[in-house]
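Number of protein chains: 2
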Amino acid sequence: MSLVTEFTKNTEDPLLFETFKPKIQAYKNELTAGILDEYKLPEDMIPNKFGVDVTKIPPKVLSENELEITESTGTVLEKRLQAGELTAVEVFEAFAKRATAAHQLTNCAMQLFMKEGLERAKSLDKYFQETGKTVGPLHGLPVSLKEHYMYKGKVTNAGYVVWVDRITNDWALTVKLLLDAGAVFYIRTTEPQTIMHLCSNNNIIGLCRNPNNTSLTTGGSSSGEGALAAMKGSVFGLGSDIGGSIRCPAAFCGVWGLRPTQKRLSMKNCASACTGEAEVVCCVLGPIARSADDIDLFMDSIISQKPWENDATVIPLPWRKVQEPGISTLTIAICYDDGVVKPVTPILRGLNYARQKLVAAGVKVIEWKPIEVDELVSACGSMYNSDACLDQINALAASGEPLKKLSKVALSFGCGEKGVDVTEYQRLALLRDTYRNVYQDTMKKFGIDYILSPAYVSVAAKPETVHYWGYTNLWNILDFPNVIFPTGLRCDPLVDPPDTSYKSRSDIEAYERGLYDDAKKFENAPISLQLTGKRWFDEELVKAAKVVEQEITK
Amino acid sequence: MSLVTEFTKNTEDPLLFETFKPKIQAYKNELTAGILDEYKLPEDMIPNKFGVDVTKIPPKVLSENELEITESTGTVLEKRLQAGELTAVEVFEAFAKRATAAHQLTNCAMQLFMKEGLERAKSLDKYFQETGKTVGPLHGLPVSLKEHYMYKGKVTNAGYVVWVDRITNDWALTVKLLLDAGAVFYIRTTEPQTIMHLCSNNNIIGLCRNPNNTSLTTGGSSSGEGALAAMKGSVFGLGSDIGGSIRCPAAFCGVWGLRPTQKRLSMKNCASACTGEAEVVCCVLGPIARSADDIDLFMDSIISQKPWENDATVIPLPWRKVQEPGISTLTIAICYDDGVVKPVTPILRGLNYARQKLVAAGVKVIEWKPIEVDELVSACGSMYNSDACLDQINALAASGEPLKKLSKVALSFGCGEKGVDVTEYQRLALLRDTYRNVYQDTMKKFGIDYILSPAYVSVAAKPETVHYWGYTNLWNILDFPNVIFPTGLRCDPLVDPPDTSYKSRSDIEAYERGLYDDAKKFENAPISLQLTGKRWFDEELVKAAKVVEQEITK
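If you read the protein sequences in the order shown, they are chains A and B.
9 is the number of the first residue of the first sequence in our numbering; add one for each residue after it.
9 is the number of the first residue of the second sequence in our numbering; add one for each residue after it.
Think of the hints as simulated: they come from the structure by calculation, not from any bench.
Mixed in with the good hints, there may be bad ones.
As the list makes no split between identical chains, a pair holds if one copy fits it or if it spans any two.
What the hints assert, rightly or not - Subject to a maximum C-alpha distance of 30 Å in a straight line, what follows is the list of computed DSSO-like cross-link-like pairs (lysine-lysine):
#1 Lys48 x Lys87
#2 Lys17 x Lys562
#3 Lys452 x Lys162
#4 Lys57 x Lys365
#5 Lys130 x Lys314
#6 Lys17 x Lys413
#7 Lys17 x Lys426
#8 Lys271 x Lys453
#9 Lys329 x Lys314
#10 Lys271 x Lys329
#11 Lys452 x Lys160
#12 Lys162 x Lys453
#13 Lys64 x Lys528
#14 Lys17 x Lys134
#15 Lys314 x Lys271
#16 Lys314 x Lys377
#17 Lys452 x Lys329
#18 Lys314 x Lys372
#19 Lys452 x Lys271
#20 Lys314 x Lys453
#21 Lys529 x Lys314
#22 Lys528 x Lys350
#23 Lys64 x Lys123
#24 Lys470 x Lys271
Remember, predicted model here, so these are calculated numbers, not experimental data.
Using the sequences provided together with the hints, build the complete structure.
Structure representation (structure tokens):
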């Protein structure tokens, strides 16, 4: 695998970009103004250096009640809200405080609109008081949103400077369904330029930092969602994933994430530069959350509203109630190496730790032999850039904004700026469909229920360094669903030294493994894993991930 | 709408084609040899001219028992087989006789293998006698297959001369599932060159004739299935449809057909020249049958076997048991004119007749206003030919076979031989998705349950004349499912004169309406209609079509 092309097009125009700076400043000012005094973390609690675990800071300023609320899962909170034991306002204010602190400590938000959130919470309480009923299964739960879903009456920029003042006058359907289920909105979270980095940098609000170690990246592209979930600044949030954008931040930040099978949640009115992205490899929406049960609640609350009635591209598969599998009934194949880039020490430790725990619990554990990962990942890159990056180039050039390092990398994937012709495009689609069957048949042949693998070669990386998406985007091209969960382990310099004796098989492997150059720099980064199930069987996967995580973290 | 390009590429090579002639002859000889003496219609019963209704001929040579069997629906036959009241051999022999006659009278078969069918029937009877059980829900039912599905150990040519001796060593998955459900195979039916005509001509066995009037075409591309169903030579058959290929022959021949929503039945190992056809507009498999109940039986027998376990591209939507709707609860919008080519007299009569019957039954009937049919049909044409017809050109040029008139027309649809680039390809996909929602939203807005429309501008046409696919391929691009059913009416020269006063709005309209130049030529052609439902809700559609047909034919 190599980045087969280099991105050479010049989309930058400093003079043009200059004209956008006042708009960017206005946008940032509004964000700063969104940090309300009543929720604000005292300035002196904000560390003046990086490399800090800032997850420990908000608890210092929260009341016991606020702490209890924000430490709870959505499933627990919702029960208490439905029972009238908690008010929506009470819940909202706890999360508003914690989310505000999260933003101050990590730069995770693009928009904060706490007053609107509070009004919404009040109206929900009023409804409950007057009717004795809740409005839906998420009644009163503070839910965060990645920025690029259209939000009625607000700017939606999708990480592009040109759209920094573009107000969208409609709702993304999935956002609207969350709202109708009773969610309270108050924060829209950050994403990288082009929404195509496993990192966070953009020319609007800049980098977002990993709460576990602020020298590191949150991953991306649902960068702000990853940070906010680790900071417990929302119950759960809506992310999106076409190459790892839910899973990478969930893994890097040490929380849960589901990339469901495509066309189960609606993509209607999600903004991006890529008009054609829904065809050969599909972006999907999904939750970044703090427990398997919350993923279940999230998915059920949307799908029970029959999104297919408002979006003909959604498949009418109900979100089924399934039982947790008995742990000892499972056969799990572990992928220790995808044959392209071997994971570094802490990830291998996580995999081995998981294996031991699972074997001890009676799981049948076998080794997963990688299948044509190189070709599939390269094909996926060509799918992203099949239009010769035209849509993205146009959106970038429209403001002349500086091109971020990782935008350049993403624009060079596969065919890069050369694009493909329709014959090649269809060949890629055929390759995809062929390997969907090869993978499914292989799982069937060996009786494999789930595949356990890394989400990335390493733990959270240094900002703007990750080039290799293979551990996540393999599954985007195959469209097998994945759950990310934390193992409870963290990178520990004492036990996770880089393996300096390893001989890399390629430039990309040497580059990627070389990033893990000094374990100390990665201290406290969560070690997370990815569980992959069969296409369309998301419900079973979530339940399996629940029991697997329970066993591993016992 | 116009055929925006002309197909100018020369794929013909008479010298090369000469070298294929012995292979074609061998193939034809085998077909002739498949007409067994024991099932053969006496030569003197074969009319020596066209323009004949040959459906009336086989009953003259069938025994009372054979007649009763072949006149029965699959649903009824299967009950009797399961109860042991009929043997598989008894059923098979009746259909073998009628299918052989059907082929002699219409040229509907590409392969006949009656001995294998008989052996299979015998083995099913043996199994039943020994175990008291049937092998599955189609136990002992004679089922026909369009030729282009891979059949283990037999030639699969997909209508191309180059493949006239290509033996395929695997099963098409859907065919295998029919077999596993208990079907008996004995006939593979004809299709046109490129499988892209709403007609039947190819350079292997030539034209197939409409049983109701042998001067007319069966339609296509499931041409042989249409003829065989009208001749009652199988219980039902497996067709395929990317532009009307199930619906057109069902309509022209006066039988039932379902084009289900995509990815409900597996396309695995269906042969065609188009490697990329599954991406932007999808071919689907579906039944050509003789009743709504049989469509239900057919679909259920396959989907209950969970095809998604053997094909990851199939969506795990079970075939649901749904109730027939009360006729008076329905709101049906009737499309009298798609705004591109207005239907001719007998079709308008059929629509008006249906309207009267439905209104009398308490159906809320409104008029369907066409939505951008021109643009969508043209887009669909560009989707077919997006690769600049490369795959088809290569398959044609490989034998240098003469290019059939309607192949040339299909290769000129939309972008034609110019093809499109990826940007345009993705724009077409976006247009498709946009209009799927526009159509769904429109149905929702007006409370429309189903849309009733023609399947084509006219009744069965003269061979090799149909250019306009808009009444069917509109629904391929939108992927809304359709059922074709006969109204019981037939073209009648006394009441269906051409409307010579009509002023055509375009060349294509003038051409297509001009084909209906003399009602006498179309005498006895069935008047069929098309009922369209919501995407994925195939089950409800089939039940609705059942009650609608019952009402109209009362």
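Here's how the hints hold up against the structure:
1. Taking identical chains as interchangeable, the C-alpha atoms of Lys48 and Lys87 lie at most 30 Å apart only when both belong to the same chain, with a minimum of 29 Å there against 74 Å between chains.
2. In this assembly of identical chains, Lys17 and Lys562 lie within 30 Å of each other by CA distance neither inside one copy nor across copies; the values are 52 Å within and 69 Å between.
3. With identical chains, the CA atoms of Lys452 and Lys162 are at most 30 Å apart between copies only, with a shortest distance of 28 Å across copies and 47 Å within one.
4. When the C-alpha separation of Lys57 and Lys365 is checked against a cutoff of 30 Å, the pair qualifies neither within a copy, at 38 Å, nor between copies, at 80 Å.
5. In this assembly of identical chains, Lys130 and Lys314 lie within 30 Å of each other by CA distance solely inside one copy; the values are 27 Å within and 48 Å between copies.
6. In this homomeric assembly, Lys17 and Lys413 come within 30 Å of each other (Cα to Cα) only inside a single copy, at 13 Å, whereas the closest approach across copies is 46 Å.
7. For a Cα distance limit of 30 Å, the shortest separation of Lys17 from Lys426 qualifies both inside one copy, at 10 Å, and across copies, at 27 Å.
8. When the C-alpha separation of Lys271 and Lys453 is checked against a cutoff of 30 Å, the pair qualifies both within a copy, at 27 Å, and between copies, at 23 Å.
9. In this assembly of identical chains, the alpha carbons of Lys329 and Lys314 lie at most 30 Å apart whether taken from the same copy (15 Å) or from different copies (19 Å).
10. For the homomeric pair Lys271 and Lys329, the shortest alpha-carbon distances inside one copy (19 Å) and between copies (24 Å) are both at most 30 Å.
11. Taking identical chains as interchangeable, the C-alpha atoms of Lys452 and Lys160 lie at most 30 Å apart only when they sit on different chains, with a minimum of 23 Å there against 45 Å within one chain.
12. Only between protomers do Lys162 and Lys453 lie at most 30 Å apart by alpha-carbon distance; the minimum there is 27 Å, versus 51 Å within a single protomer.
13. Only within a single protomer do Lys64 and Lys528 lie at most 30 Å apart by alpha-carbon distance; the minimum there is 19 Å, versus 88 Å between protomers.
14. Neither within a single protomer nor between protomers do Lys17 and Lys134 lie at most 30 Å apart by alpha-carbon distance, with minima of 56 Å and 72 Å respectively.
15. Taking identical chains as interchangeable, the C-alpha atoms of Lys314 and Lys271 lie at most 30 Å apart whether they share a chain (12 Å) or sit on different chains (20 Å).
16. For the homomeric pair Lys314 and Lys377, the shortest alpha-carbon distance between copies (27 Å) is at most 30 Å, but the shortest distance inside one copy (38 Å) is not.
17. With identical chains, the CA atoms of Lys452 and Lys329 are at most 30 Å apart both within one copy (23 Å) and between copies (29 Å).
18. Taking the closest pair of Cα atoms, Lys314 and Lys372 come within 30 Å of each other only across two copies (26 Å); inside a single copy the shortest separation is 37 Å, beyond that limit.
19. For the homomeric pair Lys452 and Lys271, the shortest alpha-carbon distances inside one copy (24 Å) and between copies (20 Å) are both at most 30 Å.
20. Taking the closest pair of Cα atoms, Lys314 and Lys453 come within 30 Å of each other only across two copies (17 Å); inside a single copy the shortest separation is 35 Å, beyond that limit.
21. Within a single copy, Lys529 and Lys314 get their C-alpha atoms no closer than 46 Å, and across copies no closer than 50 Å, so neither meets the 30 Å cut-off.
22. Taking the shortest alpha-carbon separations for Lys528 and Lys350, only the intra-copy value of 20 Å comes in at or below 30 Å, while the best inter-copy value is 76 Å.
23. Proximity of Lys64 to Lys123 under the C-alpha cut-off of 30 Å is restricted to the intra-copy arrangement: shortest distance 26 Å within a copy versus 79 Å between copies.
24. For the identical chains of this complex, Lys470 and Lys271 are neighbours neither inside a copy (33 Å) nor across copies (43 Å), given an alpha-carbon limit of 30 Å.
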